[in-house]
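Listed below, chain by chain, are the residues.
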Amino acid sequence: MNKKVKETLRGKKVSRRSLLKGTALAVAAAALPSAGAEAAVWDAFFQKHFQELNDRDLDRIITRLEKEYADRYGKHIDVTANKPLPGVLFGYGLDIARCIGCRRCVYACVEENNQSRDPQIHWITVLRFKKGDKWISDLENADKYYNPAKVPEPGYFYMPTQCQQCENPPCVKACPTQATWSEDDGIVVVDYNWCIGCRYCMAACPYGARHFNWTRPGLPTEEINTQTHYLGNRPRYSGVVEKCTFCIQRTRKEPGQYPACVEICPVGARKFGNLLDPDSEIRYCIENKRVFRLKEEVNTQPKFFYFFAT
Amino acid sequence: MRRFLLSALAICLLTALAPAAAPGESPAVGEAIWRTENVEAGPKETGIPEFFVPPPPFSEGIFPCSDCHADQETNPERRVLEDMHEDIKIINHNEEERWCLDCHNPDDRDFLRLASGRLVSFEESYYLCGQCHGTIFRDWKAGIHGRRTGEWNGVKTYRLCVHCHNPHQPRFQPIAPLPPPVKPKDIK
Numbered sequence: 001m002n003k004k005v006k007e008t009l010r011g012k013k014v015s016r017r018s019l020l021k022g023t024a025l026a027v028a029a030a031a032l033p034s035a036g037a038e039a040a041v042w043d044a045f046f047q048k049h050f051q052e053l054n055d056r057d058l059d060r061i062i063t064r065l066e067k068e069y070a071d072r073y074g075k076h077i078d079v080t081a082n083k084p085l086p087g088v089l090f091g092y093g094l095d096i097a098r099c100i101g102c103r104r105c106v107y108a109c110v111e112e113n114n115q116s117r118d119p120q121i122h123w124i125t126v127l128r129f130k131k132g133d134k135w136i137s138d139l140e141n142a143d144k145y146y147n148p149a150k151v152p153e154p155g156y157f158y159m160p161t162q163c164q165q166c167e168n169p170p171c172v173k174a175c176p177t178q179a180t181w182s183e184d185d186g187i188v189v190v191d192y193n194w195c196i197g198c199r200y201c202m203a204a205c206p207y208g209a210r211h212f213n214w215t216r217p218g219l220p221t222e223e224i225n226t227q228t229h230y231l232g233n234r235p236r237y238s239g240v241v242e243k244c245t246f247c248i249q250r251t252r253k254e255p256g257q258y259p260a261c262v263e264i265c266p267v268g269a270r271k272f273g274n275l276l277d278p279d280s281e282i283r284y285c286i287e288n289k290r291v292f293r294l295k296e297e298v299n300t301q302p303k304f305f306y307f308f309a310t
Numbered sequence: 311m312r313r314f315l316l317s318a319l320a321i322c323l324l325t326a327l328a329p330a331a332a333p334g335e336s337p338a339v340g341e342a343i344w345r346t347e348n349v350e351a352g353p354k355e356t357g358i359p360e361f362f363v364p365p366p367p368f369s370e371g372i373f374p375c376s377d378c379h380a381d382q383e384t385n386p387e388r389r390v391l392e393d394m395h396e397d398i399k400i401i402n403h404n405e406e407e408r409w410c411l412d413c414h415n416p417d418d419r420d421f422l423r424l425a426s427g428r429l430v431s432f433e434e435s436y437y438l439c440g441q442c443h444g445t446i447f448r449d450w451k452a453g454i455h456g457r458r459t460g461e462w463n464g465v466k467t468y469r470l471c472v473h474c475h476n477p478h479q480p481r482f483q484p485i486a487p488l489p490p491p492v493k494p495k496d497i498k
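Order-wise, the sequence lines are chains A and B.
Sequential numbering of the first sequence, starting at 1, is according to this note's numbering.
Sequential numbering of the second sequence, starting at 311, is according to this note's numbering.
None of these hints come from the bench; they were simulated from the model.
It is possible that part of the hints are untrue.
To be verified - List of simulated lysine-lysine pairs, DSS-like, C-alpha gap at most 27 Å:
#1 Lys130/A x Lys466/B
#2 Lys493/B x Lys83/A
#3 Lys399/B x Lys131/A
#4 Lys295/A x Lys451/B
#5 Lys399/B x Lys130/A
#6 Lys144/A x Lys131/A
#7 Lys399/B x Lys289/A
#8 Lys150/A x Lys495/B
#9 Lys493/B x Lys150/A
#10 Lys451/B x Lys289/A
#11 Lys67/A x Lys83/A
#12 Lys253/A x Lys493/B
#13 Lys144/A x Lys466/B
#14 Lys399/B x Lys150/A
#15 Lys253/A x Lys451/B
#16 Lys399/B x Lys144/A
#17 Lys144/A x Lys451/B
#18 Lys134/A x Lys493/B
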């Protein structure tokens, strides 16, 4: 092929424009699925943006994904696509006065949300600070690798961080393909089928909450959580970004469970609920406790509230 | 404004205290009474969660206390226990000022006794803790203090204070942390 092009170039005068056109067409043609490809491949290739899908499209896509996962993992994985509940805006509370830094939440999250075990991806990072030292203005230098025999250690306190589910999310603005957006219930989601892996969102996030699959996730079949959501914990591809979704597959139900990190926390430091419900636990926190949000000065308006209970 | 606030506070206090002060009939032990609908005949306090609480975490074979104590004469003398329960030490819980019969009812050991004289079952031990730890009790009722599992918009499971705090040594005991994340330099 290369030789032929060269000959043509030598033999005939080819204008710069037609050469570029031809090359572009050839590249485009090479990127298309080959003629022998299955219908599923074409279907995936021409999949519309998630927010433009009608219920029939969505059903077809879910069937396709379930088949894809069954082929890859040898077992049935249930993919749901529950819509946001009306009148619900999720909010999260974390009691820094209680957290003992035991990292139970980190691993409960990994198991619930099918994160890659190897290479390791954690959606929750627990930071450790020395009492009396600079902390809230120096998050980047906090210790996340602490490993004593027992926690809490005297003289230290702990602050877990994860996606803050911003009302004004910089990651969404940064995404060139609109593969990430804020849902009506306030959860910032990623469509792994639209993410091109440019990682602009990771650079834009002030909280380090987004994580990248450098390889196909190392996810042992026997450890897969088979209850998944399209926008949440379904198995990911290589080269896509992922993040905390407030356990969308658990919470976006009527009735819905608490997120996995809330349930596992042995000291009950994690609170979750509907910000629009005046009787919810999270509203009680905000109205009665000393609350702050991380990096308020960057105007991301997180729905993740740190508080100090009595 | 301040006077109004004070009087509002006083009214709140009175309404909160009134049912607690009324001598309620203690429910029989062994009945499942940790759900509000079953507590109709029992003492009432506003804001007690309507949700299930698992049974109290008794040591095996220790309850009912009356199995042993029914035949024994109560020794009201404050002392170090030697023959039985010698493993129970009060640590970090005002040990100088407290001993068994401050909380355990001397006449029927299957119940706890509040400062008011009202008897409460072990399933309702939060009333006992709440006598001193009022702010924590308030937060627990609102779902802020303590671990909560279940449904954020449905049926939740609460826990008693004693599920996480040993009543005799209530400080939360340190636990081993799970492994730290892999450092970038260790990624192969």
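Of all the hints numbered above, which does this structure not satisfy? Sort the numbers upward. 1, 2, 3, 4, 5, 7, 12, 13, 16, 17
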